[in-house]
Amino acid sequence: MPASYPSYVRRSLTEPKPPPVATQGGLTFIRARLFDTPLNGALTILTGAMVALLVWPAVKFLLIDAVWEGGSRIDCLPQTIGREVGACWPFIKAKLPQLMYGFYPEAERWRVDLTYALGAVLLIPLLIPRLPYKSANAVLFFGLFPFVGFFLLVGGTFGLPQVETRNWGGLLITLVISFTGIICSLPLGIVLALGRRSSLPIIRTLSIAFIEIWRGVPLITVLFFATYMLPFFLPGSWKIDSLLRVLVGVALFAAAYMAEVVRGGLQAIPRGQFEAAMALGLGYWRMTALVILPQALRLVIPGIVNSFISLFKDTSLVLIVSIFDLLGQLRAAFADPTWATPVTLFTGFAFAGMIYFLGSFGMSRYALSMERRLNRAEAR
Amino acid sequence: MGGDNQIGDRQASAPGGPRDLGTRENAAAIEIAGLDKWFGSFHVLRDINLEVMRGERIVICGPSGSGKSTLLRCINRLEDWQRGRVIVEGVELSADIKKIHDVRREVGMVFQQFNLFPHLTVLDNCTLAPIWVRNMPKREAQAIARHHLERVRIPEQADKYPAQLSGGQQQRVAIARALCMQPKIMLFDEPTSALDPEMVKEVLDTMVGLALDGMTMLVVSHEMGFARQAANRMILMDAGQIIEMNEPQAFFDHPRHERTKLFLSQILR
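Protein chains in written order, with the working numbering: chain A, 1033 to 1412; chain B, -4 to 264.
No wet-lab data here; the hints were simulated from the structure.
Hints may be right or wrong, so weigh each one.
Some chain B residues close to chain A (C-beta under 10 angstroms, calculated; not the full set) [claimed, not checked]:
| id | residue |
| --- | --- |
| 1 | Phe37 |
| 2 | Arg100 |
| 3 | Leu111 |
| 4 | Ala138 |
Even glycine gets a Cβ: it sits at the ideal position worked out from N, Cα and C.
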């Protein structure tokens, strides 16, 4: 009997209503998100003050007080131009070829540019999800491009004069080491992670030993060992290019870290996924490639990108084995007396910082958008 | 319950139906002899002997920890064992990985937690194994997948991802996925126990449909309604042993063992 229902029982269903107006609109947003309590209001003001304190001097130094034209240190001295001096951009302009190519012969620099262009042409369509032929594109970029790049940059074949790697430098070195590290460390890391979870004791032990040894030593030690110690252990006639030794060292070092990132992803896959794949008759490799890895790698995209970014920046350590990457060339440029001014150092580091930031931030944002896209597809 | 023995009746009257297979040679789909298994020092399966004929539908029940899921998982060797023999469709299972794959190709399995592949669409879930295990052309695999999705009555969900489906729909996809390998035997490991009550029926209906088509089925389940309707043998397991095995009618109406009586009294309130 409806009449005898308690008063808290609904007698009819209600229609959905629009949300209260107060939660929409700009001013409400500011009040609700930034000044909703006295403490939050104070924090907002404090943060604002800190941003202003940091941003304003940076803008002043880099843009407003900066010197844009000039031919030598004279143009960047406060005495000569009669005002406070910010960044000395003519210095960067004068040293740009060095910062980009090192001592790569001027007549051959088109080869570096062509390699960059080729890389960009192959990489950009690979990064845009909507474009077709992804697998062909990936094969070209990961399979063919490294070899084409190698022959273009090193030369000595196809009528190209050889350019010794000792003459390479600047951003070229930074990009070559990071690119090699990135494309080698992921597959190697996957293999090591699978090896570490293998049921075969020999494979498992070897993988663990490899990972722990490489993770247990600093990258500087690895580079040092590869450059100065390795020649003692190899027969005298063996001459391995010093850049190549560093590349191998960096790739293996990064692979050990990558292996642990990937293993984290593998461990997050529920047992049921393995069992379902096995019950369908999939063997180990197919199960791993088709069911487990696609899920595991997706889970650890943030960790993978983290490793890539850290690798990209760690390349600057090659300076200690006398390979002059972007930072190395920069330091060499600082030594030039023609450009000795009080602001040269700051200008140079600001420039290098921006390049590293662009690379790292770019990777980070791209990975984030990829994560969102993958999650959107599968979410409810 | 008038329709209880519907399927059994149908079979008895159908010439060439699964019952008749019993008289043919090598009609056993599964033979388990003297199976013993330990988890560490825990004796989980104790001297199991079981023969399953082609077209038979066996429902295994029993308290949790009685080894019923483990027994099921031995049949496609998701679990190994220490003693005894398991022969599936004439292939004796051993550590030989090739034989294990041969058996798994012929035995479909449905899990309590569905275990669909979350990164693949429903259709891709169904075509994965036919394409990569049976080397079937993609187009043909898709046609078969759509047929089986039709059969479990969710053809319209083919392009969705598992997370976008309800539990009942996911379990029906899991059944379709197993059927796409065109298995001779289907194993169901508590297929409805992770489902909301509203969704149990749609999954059970699908399974009854399979039973009507003459599929050999081993079902670990406590759905006694389904057992009465579709099973032609009931097994009660406790402490790793088969305690009682009988036709459903007799099993429910005149249980012989005290353990069975106790168990039935607890689940059939």
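Now for the hints, and whether the structure bears them out:
With a cut of 10 angstroms, the hint placing B/Phe37 at the interface with chain A is violated, because the nearest CB-to-CB distance is about 19 angstroms. For B/Arg100, the shortest C-beta to C-beta distance to chain A is roughly 4 angstroms, which falls under 10 angstroms, so the interface hint holds. Below 10 angstroms, beta-carbon pairs count as interface contacts, and B/Leu111 has one with chain A at about 7 angstroms; its hint therefore holds. Because the smallest distance between the Cβ of B/Ala138 and any Cβ of chain A comes to about 18 angstroms, over 10 angstroms, the interface hint for this residue is violated.
Consistency with the previously given hints fails for numbers 1 and 4, ordered from lowest to highest.
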